[in-house]
Every structure is written in C-alpha cells, then in structure tokens.
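Asker: Chain A is fixed; fit chain B onto it per the hints.
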Amino acid sequence: MTVYLVRRLIQALFVVLAMSVIVFVGVYAIGDPVEILISPDADQIERERAVRALGLDLPLWQQYLVFLTNAVQGDLGRSFVFNEPALKLILQRMPATLELAFGAMFLSIIIGLPLGLYAGLRPNSPASKTIMAGSILGFSLPTFWVGLMLIMVFAVQLGWLPSTGRGETCSVLGFVGLTSCSSGTQWSFLTLNGLSHMAMPALNLALFKISLVIRLTRAGVRETMLMDYVKFARAKGLSPSRVTFVHVFKNILIPVVTVVGLELGSTIAFSVVTESVFAWPGMGKLIIDSINVLDRPVIVAYLMIIVLLFITINLVVDLTYSMLDPRVRLESKA
Amino acid sequence: MTVASTPASPAAAPTLEVRNLRTHFFTRAGVVKAVDDVSFSIGRGKVLGLVGESGSGKTVTGFSVLGLVDPPGRIVGGEILFQGRDLTKMSEAEMRDLRGNRVAMIFQDPMMTLNPVLRVDTQMIETVLAHKKVSREEARQRARDTLGMVGIPSPDERLKSYPHQFSGGMRQRVAIAIALLHEPDLIVADEPTTALDVTIQGQILAEVQKLATTTGTSLIWITHDLSVVAGLADEVAVMYAGRIVEKGAVSDVLDAPLHPYTFGLIGSVPSRNKRGEPLRQIPGMTPSLLNLPPGCAFRTRCPRAAEVCMAEPEIRELAPGREARCFRPMNEAAEQAA
Chain A
1 MTVYLVRRLI QALFVVLAMS VIVFVGVYAI GDPVEILISP DADQIERERA
51 VRALGLDLPL WQQYLVFLTN AVQGDLGRSF VFNEPALKLI LQRMPATLEL
101 AFGAMFLSII IGLPLGLYAG LRPNSPASKT IMAGSILGFS LPTFWVGLML
151 IMVFAVQLGW LPSTGRGETC SVLGFVGLTS CSSGTQWSFL TLNGLSHMAM
201 PALNLALFKI SLVIRLTRAG VRETMLMDYV KFARAKGLSP SRVTFVHVFK
251 NILIPVVTVV GLELGSTIAF SVVTESVFAW PGMGKLIIDS INVLDRPVIV
301 AYLMIIVLLF ITINLVVDLT YSMLDPRVRL ESKA
Chain B
1 MTVASTPASP AAAPTLEVRN LRTHFFTRAG VVKAVDDVSF SIGRGKVLGL
51 VGESGSGKTV TGFSVLGLVD PPGRIVGGEI LFQGRDLTKM SEAEMRDLRG
101 NRVAMIFQDP MMTLNPVLRV DTQMIETVLA HKKVSREEAR QRARDTLGMV
151 GIPSPDERLK SYPHQFSGGM RQRVAIAIAL LHEPDLIVAD EPTTALDVTI
201 QGQILAEVQK LATTTGTSLI WITHDLSVVA GLADEVAVMY AGRIVEKGAV
251 SDVLDAPLHP YTFGLIGSVP SRNKRGEPLR QIPGMTPSLL NLPPGCAFRT
301 RCPRAAEVCM AEPEIRELAP GREARCFRPM NEAAEQAA
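Going down the list, the protein sequences come from chains A and B.
The opening position of the first sequence corresponds to residue 1 in the UniProt record's numbering, with each subsequent residue numbered one higher.
The opening position of the second sequence corresponds to residue 1 in the UniProt record's numbering, with each subsequent residue numbered one higher.
Next comes chain A alone, as it looks inside the complex (with noise of 0.2 Å):
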C-alpha cells in the first residue's frame, strides 16, 4: 500500500513535469505579454527594461529553466498584472471556488443517487418518467442560461436568494461566537448569509451532475437487479431494503465514485461560467483575465495546481475504489 502510494506520487511528480513544459510551451505561443503590459508609447529603453525586469528576454529554455528552479524552491512567479506571486493570488481565490465545487457535488449526491435509485427500480412508473426527462433538461440546458433563469426567478421576482457575491465569510478557526470572522481564510458556508448566496451558484453547477448521477444510478440500479447475486439474495429471504440498499447499492457505487471524482476536478477547474454569471470571486475568473492579458506565470500556476488538483482527486477515487471493490488490488507490480 505504501510502495503503491509513493510509485503514484512519483509518477504524479512527471505529469507535472511534462505539464508544465507544454503549458509553458503554449502560453509562450499564445503572444507576446509585452504588447499588452507595456503603454503603446513607451519608448524604446522602457520597453528593454520592463522585458528584462519581467525575465522576457531570455531565450525559452532559459525561461523555463528559471521558471523550473523557482517552482521547485515554492515560487511559481509574480503575476505580470498584479505584481504579486501568482501562487498567492490563486490560492486567495481558491477557497471560493473550493466551497462552489464542493457544494455542488454535495447536491449532486444527495439529489441524484436516490432519484436515480428510484427510476432504477421502478423504471415504468410516471415518476422516473419524470425523472428521466428532468435529467436530459439537466444536461442539455446551458449553465449561463440556467443561471440567468435563476437569478430572475430567485432574486429578481420571489427575492429569496441574494444574487451576486459570497455574501458574509468566516475563517474556519473563527469557532462559533469568536469574532475573527475577518483573518483567515475565509468560506461561505460557515455563516447563514453565506450559505444563502451560495445556494444558487451551488445548484447551478450541481444541476449537469445531478443529471450525471441519476442517469448513472439508473443504469447502474437496472444492470444490478438482473445479477444472479440479486436474485440469490431475495432467495435467501432478505428484506427488500436490505436487497437494494447493501447488496445493489455497494454496487453501484463503484462507477459513480469514478465519475463524481473526476466530475468535482473539473467543477473546480472550470465553473467558469457560473462564476461569472454569480459574479463568484473564485479561480474561474481568475483564470479567464489572465488568459485575457497573458498573465503568463498566473496561468501556469493556476494549470499546475489544476494538475496536481486532478492527480489528487484520481488517488483518492482509486483508494475509494479499491474500499468498495476487493477484486481490486492496490499493488504494486514492478
């Protein structure tokens, strides 16, 4: 187990490595930040001393190799734009994108699997029908319009939800009645107001993934019930509660695992959309104003930790994995 865990954290070390050669590789072909960060009319010696101080000058490899001594020492480089290490201006975003992401995939779970295990077991009746259908809106109706229909239904007209914003945070050390509600880093879900402006945000991007895990319950639940291990069961005289709920369900939990845990890296990679549309101080948007002005380093950061966020999260599914599943073997064969 542990020789398993050090090869996959090995091999992680060279996905990031090789990561960040084509992300560096990439953003240096995308243009020329110069031609943004620069005034149009700065003269020559200007311009000679802002490439140099921004280490632009070198050829790419050297470039890279900077970037690569740094990286490992921690420094991921200052952000073109804001002058500030690109490391710490993510992971001041973080948080918020963290909690939306996280929030979303806590509906998507408690939603989708018992809608999905119904219309996996009753699969003629009106309801899973109805079920169904939903789900196919779910993945089909797109997450900006969504979120407009949201805000106009919950904010602008019944006026229940705030419609921008994070609303009040707190600090995770901030323990109930302390007032350092102002330091630390800071989540929305750890105060009422906060939760209610996560709220829609939250069911905006849970909405594609509940569809998910319904859909995959379903199938999962309607696959399950025909094995001979079912119907062994019910010949064993077991309640039906038991049936569906330890020896279907454990079943069905393998695939949705794999697929929630890939969904979540990519909620937290891109929500993009649905930060912009809540105006969600999180990384999405971030990301997308750097891309705009080629805030070089901010991008590769934010693209490394994205990679190491993924390679994460596929560690865990496969440890989740190999709990739910025996004939899975975590070994390591040289």
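Simulated from the structure, these hints should not be mistaken for lab results.
Every residue, glycine too, gets a C-beta built ideally from N, C-alpha and C.
Careful, some of the hints might be misleading.
[To be verified] Computed list of chain B residues with no C-beta within reach of chain A, every gap over 12 Å:
#, residue
1, V31
2, D156
3, G169
4, V188
5, P303
6, A306
7, M310
[Said to hold, decoys possible] Pair ranges (Cβ atoms, derived):
#, chain 1, residue 1, chain 2, residue 2, range
8, B, V198, A, Q11, 45 to 51 Å
9, B, K133, A, F270, 53 to 59 Å
10, A, S266, B, S135, 31 to 37 Å
11, A, I136, B, V31, 55 to 61 Å
12, B, K132, A, I136, 44 to 50 Å
Answerer: Same frame as chain A, now just chain B:
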C-alpha cells in the same frame, strides 16, 4: 398424481406438491407459456430430478416454487402446496419468511451467485439474521459450522474472504452452505454442478446426497445432465416446451423411457457402451414457446408422430407409477394397455 419409486408410508405427506402450475410471461411479442400445466410432488428426503433442454421451463418452475418470478412473468394458475400450505396464495412477507429458511435455492453459476463486493461472512450472517433472532456472534458460529459441513477447510479464515478468492467449486460449496443455514425442508437446486469440473461435481453430488438423507431435506435437482439424475435422483420428471412429458422412478424412466423425447434424450448421451456407434440425436430444435405447433409440442421432431398427435395429449398413467404425455409411447405394451 403422486409418483413414488418406493411406496410412501401413509403418514408422510409430500413435502411439496405442485398441481397444474402455470407460469406465463407476458411479453410484447405475446404470451410465453414457460410453465404450462406442471404437476409433481416430492416426499420428505426425496430427490426429484427435473430434466430438460434449455428453455424447457425447468428454471422457471424452480423460481415459481420460491415465488421469485419477476415481471413480465406471473404465476397464472395452479397450486404449490408446501407442507400443505399453498405458496401461490401467500403474501410477499410470508414468502420472504419461507425463502432461505424452509425453502432454499442454489443457482447454476457459482461465479455469479455471490455478491462480489461483500465478504462471505456478511452474506452468510445476513441470511441467518433474516430468519433467526440470534446475536451476530451466534450467527457467525452457525455460518462457520455450516461452511465446515460442506467441506470447506479452515472455515474461520474463509469467512473473512471475498467470493473472488474462492475457486468455482468452493464458491458453489459456499452457496450450498448458505442454502443449508436453516436446514430447509426443500432445496431447489438449479443446475448447481453444470459449471463445475466433473471431479468437483462428483464430490458435491455425494455431499448433497448425504445431506438429503441425514437431514430429511427434499431436493428438486434441475439439470440437463441425465447421468447426474441417474446417480442422484429418486424420481425424474422430463420437461419439454413448458410441460412435463414423462415422469416416474429414475431407474424405470432411464431404462425404458415411454416418451419419444425421453428416449431421444437418453440416446443423445455419449456412453462407453456405445463406442463406435454414431450418437443418435433428436432432429430439429426446441420450438419457440411463442410459436408452439398445435397438438403435441414434440410432434415436429418426433419419429413416432402420427395423425393422432395433432390433438393435444394429456399426461396419463401408462404403467404403475409411470406417467407420460404421449399418444404413441415407446413402450408397445403400455400402448396396448392404453
């Protein structure tokens, strides 16, 4: 109606008596009469071999007894009297009480019958606890003892294993152990040795036979393998296209089959004694249950078919303790008698 190779003692009522059972499947293409007017009975501690080709309705008969026929299938007629109580009239809760407890089932493919993601102890203990109010520890002990009884070495350790850590034969033993947990009065065994090696098959047959005689458990042994029936069963019922076409004591039926289908089946079995001779075979294929020929369903493949076979034959007693559903049985004497 009752068929017995040895005269049953008058006090012993049959463990199971199935009367005119009909289980039909209502599919889009039409009504499939998977089990059509099937009657048989089994005495205490007796083994009934239910023989037939794939799709002849043997398995559905077994599922009907346990009340495990799933839609679009449904028992549409007949009675299943288990110790005098009609199972077709029982509520689902009553049936659940009986299943795995008084009536158990063993499935064909041991690779598929155990849930792959649950440990063997979980799957055994839940069965004990479903029917008995005992502590988990007692249930575990019962599970361990039963595993030992079916010949699984070091059952304590094996309880903690997952099904994929067992071989096919061992898995089938686990499934049999699960069926035996509550010492049922009846076990429906659906081709339990078909997927196994001959040597393992032999071991399992011997053990099942021993268990049946020592505990008084009755067995319905569903199979297409006549040699298994010959070695194990007391009585045999041959099914064709959803109906029983012949039944009687095993030795009688195998030695002198009355129905041409049984005759054909026996002829299809390769044997040492017929070395060098080409195997006899039954021409044609089992007809689709959706599209049975009128009259005798076997008529189109029968070498003895005649004008009279255009009518539907009823099952009738052709000799003492011998019944067949045929107008022109193999046995000439029986034909004249009838």
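Asker: Compare the structure with each hint and give your call.
Answerer: Taking the hints in turn, this is what the structure says about them:
1. V31: Holds: least Cβ distance 19 Å, greater than 12 Å.
2. D156: Check passes; 18 Å lies beyond 12 Å.
3. G169: 17 Å, holds
4. V188: Violated, since 9 Å does not exceed 12 Å.
5. P303: 38 Å, holds
6. A306: Since the minimum Cβ distance to chain A is about 43 Å, A306 of chain B lies beyond 12 Å and the statement holds.
7. M310: At about 39 Å from chain A, M310 of chain B clears the 12 Å cut-off, so the statement holds.
8. B:V198 <-> A:Q11: 45 to 51 Å: 47 Å, holds
9. B:K133 <-> A:F270: 53 to 59 Å: 54 Å, holds
10. A:S266 <-> B:S135: 31 to 37 Å: With a Cβ separation near 48 Å, S266 of chain A and S135 of chain B fall outside 31 to 37 Å, so the hint is violated.
11. A:I136 <-> B:V31: 55 to 61 Å: This hint is violated: roughly 34 Å between Cβ atoms.
12. B:K132 <-> A:I136: 44 to 50 Å: 47 Å, holds
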